[in-house]
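Asks: Here are the chains, one letter per residue:
Number of protein chains: 2
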Amino acid sequence: MRIIVDGFGGDNAPGEILAGCAQALEELEVEIAVTGDRDKLLACARERGLEEPFRKMEVLHCPDVLTMEDEPGSILKEKSESSMAVGLRAVAQGQGDAFASAGNSGALTVGATMIVKRIKGIKRVAFAPVLPSTKGFFMISDAGANVECRPEMLLQFGLMGSVYMEKVMGVENPRVGLVNVGSESHKGDPLRQNAYGLLKECGEINFIGNIEPRDIPYGQCDVVVADGFTGNTVLKLYEGTALAMMGMVKDIFKKSAKNKLAAAMIYKDLQGLKKTMNYNTYGGAAIIGAAKPVFKMHGNAQAPAVANALRLVRDCTHSGFVELIAAAVRP
Amino acid sequence: MRIIVDGFGGDNAPGEILAGCAQALEELEVEIAVTGDRDKLLACARERGLEEPFRKMEVLHCPDVLTMEDEPGSILKEKSESSMAVGLRAVAQGQGDAFASAGNSGALTVGATMIVKRIKGIKRVAFAPVLPSTKGFFMISDAGANVECRPEMLLQFGLMGSVYMEKVMGVENPRVGLVNVGSESHKGDPLRQNAYGLLKECGEINFIGNIEPRDIPYGQCDVVVADGFTGNTVLKLYEGTALAMMGMVKDIFKKSAKNKLAAAMIYKDLQGLKKTMNYNTYGGAAIIGAAKPVFKMHGNAQAPAVANALRLVRDCTHSGFVELIAAAVRP
Numbered sequence: 001m002r003i004i005v006d007g008f009g010g011d012n013a014p015g016e017i018l019a020g021c022a023q024a025l026e027e028l029e030v031e032i033a034v035t036g037d038r039d040k041l042l043a044c045a046r047e048r049g050l051e052e053p054f055r056k057m058e059v060l061h062c063p064d065v066l067t068m069e070d071e072p073g074s075i076l077k078e079k080s081e082s083s084m085a086v087g088l089r090a091v092a093q094g095q096g097d098a099f100a101s102a103g104n105s106g107a108l109t110v111g112a113t114m115i116v117k118r119i120k121g122i123k124r125v126a127f128a129p130v131l132p133s134t135k136g137f138f139m140i141s142d143a144g145a146n147v148e149c150r151p152e153m154l155l156q157f158g159l160m161g162s163v164y165m166e167k168v169m170g171v172e173n174p175r176v177g178l179v180n181v182g183s184e185s186h187k188g189d190p191l192r193q194n195a196y197g198l199l200k201e202c203g204e205i206n207f208i209g210n211i212e213p214r215d216i217p218y219g220q221c222d223v224v225v226a227d228g229f230t231g232n233t234v235l236k237l238y239e240g241t242a243l244a245m246m247g248m249v250k251d252i253f254k255k256s257a258k259n260k261l262a263a264a265m266i267y268k269d270l271q272g273l274k275k276t277m278n279y280n281t282y283g284g285a286a287i288i289g290a291a292k293p294v295f296k297m298h299g300n301a302q303a304p305a306v307a308n309a310l311r312l313v314r315d316c317t318h319s320g321f322v323e324l325i326a327a328a329v330r331p
Numbered sequence: 001m002r003i004i005v006d007g008f009g010g011d012n013a014p015g016e017i018l019a020g021c022a023q024a025l026e027e028l029e030v031e032i033a034v035t036g037d038r039d040k041l042l043a044c045a046r047e048r049g050l051e052e053p054f055r056k057m058e059v060l061h062c063p064d065v066l067t068m069e070d071e072p073g074s075i076l077k078e079k080s081e082s083s084m085a086v087g088l089r090a091v092a093q094g095q096g097d098a099f100a101s102a103g104n105s106g107a108l109t110v111g112a113t114m115i116v117k118r119i120k121g122i123k124r125v126a127f128a129p130v131l132p133s134t135k136g137f138f139m140i141s142d143a144g145a146n147v148e149c150r151p152e153m154l155l156q157f158g159l160m161g162s163v164y165m166e167k168v169m170g171v172e173n174p175r176v177g178l179v180n181v182g183s184e185s186h187k188g189d190p191l192r193q194n195a196y197g198l199l200k201e202c203g204e205i206n207f208i209g210n211i212e213p214r215d216i217p218y219g220q221c222d223v224v225v226a227d228g229f230t231g232n233t234v235l236k237l238y239e240g241t242a243l244a245m246m247g248m249v250k251d252i253f254k255k256s257a258k259n260k261l262a263a264a265m266i267y268k269d270l271q272g273l274k275k276t277m278n279y280n281t282y283g284g285a286a287i288i289g290a291a292k293p294v295f296k297m298h299g300n301a302q303a304p305a306v307a308n309a310l311r312l313v314r315d316c317t318h319s320g321f322v323e324l325i326a327a328a329v330r331p
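Order-wise, the sequence lines are chains A and B. If you count the first sequence from 1, position 227 lands on 227 in the working numbering, and the numbers rise without skipping. If you count the second sequence from 1, position 87 lands on 87 in the working numbering, and the numbers rise without skipping.
Please keep in mind that the hints were generated in silico from the structure rather than gathered at the bench. Because the structure is a prediction, the values reported are computed rather than measured. Treat the hints with caution; some may be incorrect.
Identical copies go unnamed one by one, so any copy, or any two together, can satisfy a pair.
Claimed, not checked - 27 angstroms max Cα-Cα, derived DSS-like pairs, lysine-lysine: (1) K77 <-> K187; (2) K260 <-> K123; (3) K117 <-> K187; (4) K250 <-> K260; (5) K255 <-> K135; (6) K135 <-> K236; (7) K258 <-> K135; (8) K268 <-> K255; (9) K77 <-> K120; (10) K274 <-> K236; (11) K167 <-> K275; (12) K268 <-> K254.
Please model the entire structure based on the sequences and the hints provided.
Replies: As structure tokens, then:
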């Protein structure tokens, strides 16, 4: 298997990306191709003592970089020679089995749709991160690719998410829930009411009905279905609230010598909690619905998170996820 | 000042409601009238040793109760003689200065709109809870009264929220932010794009632009403007995530004898955090835009939370909030 990695996406590129790729080469039995400026990549590899693993990677040379400030549509125009665009074209043309980038999510979504293209029958790709819950993990589908949605799109987000959670994440008979303002079927606006009907009628998923946002952190369902606006709100508020709470607990522990001692006593368990609630543990978000595996790594991912993400990319690709989705939507 | 209280709204009615009213009578220099079945209220007062404060309350007798299972619209039909409906009619007719209930939010919103009526010029009432942040507190406007909104409604939610935070909560020049998927003005769907324009043009508020959900817990703005679907999602996910995190920290503290000792060492500070993050500290949510002060108390409020809520009701009524809103929307 050959994974193409955007060498210049994310806050810590190219250093942490290269280091993560090096770790992946060692641990994952995959080939790696990196996109970006060859000279800069080589210089960076030297600086970090990564010449040897770097020699094992192919470089898809391109001088340009698409930044966080660029418009999503720029990937098709002025940034069509950027490390992200080149990687997407390479995977679309079969030069690799999957593509991963820690760069601009909006551009990656546009690129997945327009360069890699969608699976036949899929109306829209979804941004689908896997996040920690108190009991394990769950997926949001869609967490931001589509701010405006129709009911049949929400049905597909649920279907694709269910296949992913079962085949890639190993969840048996994944519970699919629709984010809504109440549990009863008539709740919400027409989008929710109609999506509820479609999800309920779909025989291929385990639809458990509406899920109220307060139950999401407790892992009440495995696939949280939402329009991209709501899903993005859930994603960002969940991350923000968890971080804010951790910060407040940390502040308490720093308040006095006595508190510092107490912190030292439970340090190991607190680190465990921090790891549980760290979204980097689950490695990244698939852009599901694209005709090849395309992954978004966290923008501030460091080497271990990059390696984690590449493990997920490998498992996803190995599962034949794209073909499974194609089979599921075949009329 | 005379506050009318729904004696049979919420999970702990009438016991905790009566006890909270008794506390309010003692602390707040207000008169209290309670709605509900007179005999049941009297029996409850006796059982809890509250005969003396109960004698000081007026009872607006009505045998019926509107439950959490009732449809919101039932307040105008089969439940028009319930403790909630009777209280709303009483405040509408000037038998009291404000109304508070811990019962069914949907029915209370319908009742505030149809029985108490809206302030002239206000398109929709908003459900506007005040919640804790890491730095203080903030309001969500609207947190669930209107699942479908137009841009001019979001403008009014911001305007009303701003007046409330300034005049009732004492926040100087409140920062008003629009919940959106990105900070730039063009982000989001047409509802967000158009609301952004209206909020920006409005000279009477301190509009700071879009706010991303991850910044909400840090108190980046004082009034979080949202359509009711998004606002309700923010409200419930925020509460749920904070509770889940507190639960996980608590589990760590119970894990071993050593951890229990550490917990004991920082017990007082942890209680402080718990209090900070307890939405009951801020007493309740105003239904802003109604022609009289109408308040929702938390459904599981106990006596101290009820008393806190009534303090807020008193302060809000005292501020002349309704008249200030009426003046702000006058063309």
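Asks: Now look at each hint and say whether the structure bears it out.
Replies: So, going through the hints one by one against the coordinates:
no.	hint	result
1	K77 <-> K187	between (42 angstroms within a copy, 20 angstroms between copies)
2	K260 <-> K123	neither (54 angstroms within a copy, 53 angstroms between copies)
3	K117 <-> K187	between (35 angstroms within a copy, 24 angstroms between copies)
4	K250 <-> K260	both (10 angstroms within a copy, 18 angstroms between copies)
5	K255 <-> K135	between (30 angstroms within a copy, 16 angstroms between copies)
6	K135 <-> K236	both (20 angstroms within a copy, 19 angstroms between copies)
7	K258 <-> K135	between (32 angstroms within a copy, 24 angstroms between copies)
8	K268 <-> K255	both (19 angstroms within a copy, 12 angstroms between copies)
9	K77 <-> K120	within (25 angstroms within a copy, 51 angstroms between copies)
10	K274 <-> K236	both (17 angstroms within a copy, 23 angstroms between copies)
11	K167 <-> K275	within (24 angstroms within a copy, 43 angstroms between copies)
12	K268 <-> K254	both (16 angstroms within a copy, 14 angstroms between copies)
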